[in-house]
Amino acid sequence: MAEQDQVSFQRGNDTTLLIHLSGVWRLRGGMTSDVTVQQELERSPQPARVAFEVQNLTHWDSSILTFLTNVSELCRQHGIAMDRAGLPAGVRRLLELAEAVPEKKGARKEDVEISFLERVGNTAIDAGDSVGEMLKFLGEMSVTFVRLFRMNVRFRAVDLFLLIQQCGAQALPIVTLISFLVGVILAFVGAVQLRQFGAQIYVADLVGIAMVREMGAMMTGIIMAGRTGAAFAAQLGTMKVTQELDAFTTMGFSPLEFLVLPRVIALVLMMPLLCLYSDFVGILGGAAIGVGMLNLSWTTYFRETTNAINLTGLFGGVFKSSVYGVLIALSGCLRGIQCGNSSSAVGDAATSAVVTGIVAIVAACGVFALVFYVLGI
Amino acid sequence: MAGEPTNGNDQRPAISVSHLTMAYGSFVLMRDLNFTVNHGDVFIIMGGSGSGKSTLLRHLIGLNEAAQGEIVYGVENFTKADPAKRQEILRRTGVLFQSGALWSSMTLAENVGLALEEYTDLNPEEIREIASLKLALVGLKGFEDYYPSEISGGMQKRAGLARAMALDPEILFFDEPSAGLDPISSRLLDDLILELRDSLGATVVVVTHELASIFTIGNNSVFLDADTRTMIAGGDPKKLLAHPPNPTVHRFLTRGEGEQI
Chain A
0 MAEQDQVSFQ RGNDTTLLIH LSGVWRLRGG MTSDVTVQQE LERSPQPARV AFEVQNLTHW
60 DSSILTFLTN VSELCRQHGI AMDRAGLPAG VRRLLELAEA VPEKKGARKE DVEISFLERV
120 GNTAIDAGDS VGEMLKFLGE MSVTFVRLFR MNVRFRAVDL FLLIQQCGAQ ALPIVTLISF
180 LVGVILAFVG AVQLRQFGAQ IYVADLVGIA MVREMGAMMT GIIMAGRTGA AFAAQLGTMK
240 VTQELDAFTT MGFSPLEFLV LPRVIALVLM MPLLCLYSDF VGILGGAAIG VGMLNLSWTT
300 YFRETTNAIN LTGLFGGVFK SSVYGVLIAL SGCLRGIQCG NSSSAVGDAA TSAVVTGIVA
360 IVAACGVFAL VFYVLGI
Chain B
0 MAGEPTNGND QRPAISVSHL TMAYGSFVLM RDLNFTVNHG DVFIIMGGSG SGKSTLLRHL
60 IGLNEAAQGE IVYGVENFTK ADPAKRQEIL RRTGVLFQSG ALWSSMTLAE NVGLALEEYT
120 DLNPEEIREI ASLKLALVGL KGFEDYYPSE ISGGMQKRAG LARAMALDPE ILFFDEPSAG
180 LDPISSRLLD DLILELRDSL GATVVVVTHE LASIFTIGNN SVFLDADTRT MIAGGDPKKL
240 LAHPPNPTVH RFLTRGEGEQ I
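Going down the list, the protein sequences come from chains A and B. Under numbering that gives the first Met the number 0, the first sequence has 94 at position 95, and the numbering climbs by one with no breaks. Under numbering that gives the first Met the number 0, the second sequence has 57 at position 58, and the numbering climbs by one with no breaks.
Calculated from the structure, these hints are not laboratory results. Nothing here was measured: the structure is a model prediction, and the numbers come from that model. Hints are supplied without guarantee of correctness; some may be wrong.
[Stated by the list, open to error] Residues from chain A shown here face chain B by an in silico Cβ test under 10 Å; the list is partial: (1) D110; (2) V111; (3) F115; (4) T143; (5) V145; (6) F148; (7) R153; (8) R155; (9) Q164; (10) A230; (11) Q234; (12) T237; (13) E243; (14) T248; (15) T249; (16) M250.
[As the list claims (entries may be wrong)] List of simulated lysine to any residue pairs, SDA-like, C-alpha gap at most 20 Å: (17) K79(B) - N151(A); (18) K79(B) - E256(A); (19) K84(B) - K108(A); (20) K108(A) - F26(B).
[Stated by the list, open to error] Quick look at which bits of chain B chain A covers, simulated, 3 or more residues with Cβ under 8 Å: (21) 82-92; (22) 111-124.
Think of the CB as a built atom: it goes at the ideal place given N, C-alpha and C, for glycine as much as any other residue.
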């Protein structure tokens, strides 16, 4: 059994306090408090010198160093000399090393109390800056779009096709799953209510109109914000960290033109297709409930659906999805370009891109609802 | 083309920096920097960690804006130039970033060829041929179709150098070329830098704190000091070592050996 670390004191007949350190000093065994030493130092008659005796010390590690550093600090406070000659050579050297460079004044971080008002003010200023950055980005992007229409932009066609594949075909599985479930959920909600009036057939209208006008575009938008918007932010953020964006800039390529524009184009082209697909799969989900649970026939269900939806609604939904595509791509790329210079900043950028994207989609959805209402669509 | 320097007879310095102050917001990093880089120099920007060497490089290539003072390339004032003019000036330069900064979605040949595609009328086969040549110059023949993630850090750095040389620049900038390289690779890169300077007639600006590199390749320099926040020495590093103008420079150039730190 290992002996515990022990500290005992012995007063010589002169004014020396001899401290016996013995046993095993291990961090795992817990730290030894220096309270006893403090009491001993303060007990009268006050010693003028502290010495050490380590004959029975069998093992030591950082725990003894911490203890001795504290003792040394106590001695300094009480104006007592500390004689280190009795300590093991290793301990002595490490203590000297720790004390070799004096603490740099002002290096310690102090907890500065920030008043509530100051914090509010700082947040407001930050918010203002971030709005400014966003406007600058949007302005530069508008210029880039103008150049796009003048056919005066440069990016690699390969990149565009790759992006189209990434945010088109590769998004199909998740869009299928979510849209089908949304169709099923809408049908369920409708079925329970409508069955009370024997009007089950109107489930087809409910699902059809909801999917085509709102849910198709909305669900695709939210899926793509989480899937592609975050990916854009992470890609551009990483390129910022690895200085790839700087390399573009110094070689005279605008990152907005070279990286952001193809991403926006890819999403604007793919979102309407994904939205149409989502509409279809959602209606299929509704039909599965209509046929399976409400005992409607497939033909009845689809005749009712085609009666309920019209081209205006369909185009409205598809148009909205295209706008959501722009919003997702821009918020993803904006956050990526704003990204700081560390790996954790890339994570923050991706998170922020999804949040910005979804907020933008929901806000745009509200605006569309108002505009469509006024226009009577 | 840099092979036959157009302004070889021009006695004006390649780059002259006067009264440059670098700042992040209200925090002044370095003030009142004055130095000139002559044609054919291997110019070293040295100083301790955090003294703003890389930031100075970012100012020289227009990634950061000068708070005060100006940077002049030959006869053209870079600081006051509009973006189009700046691009024109920068087209005569090449930059090797610290980590290589190769574009990860492109192969090495595409990395090197992109600028050629953009700024020359060459057809794709010719571009590919030139890209292969540039890669061969840095010892990467046969790696044209590799992606940056498939090669080692040292190779990425050399590929970055090939990309920086794509347009036969008059001035090459290097940010910490030996960072993360083993001593041999680092020396080979130094040799390559000298070789390129001699054969292409290029001017080279290197940010580094590697003493071995500083003495092997440098013939002119500026020393940034973090404590006084300005430059405290300049000139040929070997002369600085022989006659150090002040203790900080001496300590830096001798690694503080032979004295109690």
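Now the hints, each set against the structure:
1. D110: 22 Å, violated
2. V111: 17 Å, violated
3. F115: Status violated, d = 24 Å.
4. T143: Check failed: Cβ of T143(A) comes no nearer than 14 Å to chain B, outside 10 Å.
5. V145: 16 Å, violated
6. F148: This interface hint is violated because 21 Å lies over the 10 Å limit.
7. R153: Holds, about 7 Å.
8. R155: 8 Å, holds
9. Q164: Violated, about 13 Å.
10. A230: 13 Å, violated
11. Q234: This interface hint holds because 9 Å falls under the 10 Å limit.
12. T237: This hint holds: T237(A) lies near chain B, its Cβ roughly 8 Å from the closest one there, short of 10 Å.
13. E243: 5 Å, holds
14. T248: Given a least distance of 7 Å, the restraint on T248(A) holds.
15. T249: 5 Å, holds
16. M250: At 5 Å from the nearest chain B Cβ, M250(A) passes the 10 Å test, so the hint holds.
17. K79(B) - N151(A): Status violated; Cα separation ~26 Å.
18. K79(B) - E256(A): 25 Å, violated
19. K84(B) - K108(A): 45 Å, violated
20. K108(A) - F26(B): Given pair K108(A), F26(B) holds - Cα atoms ~18 Å apart, limit 20 Å.
21. 82-92: n = 4 at 8 Å, threshold three: holds.
22. 111-124: As far as the region 111-124 of chain B goes, the hint holds, because 4 residues have Cβ atoms under 8 Å from chain A.
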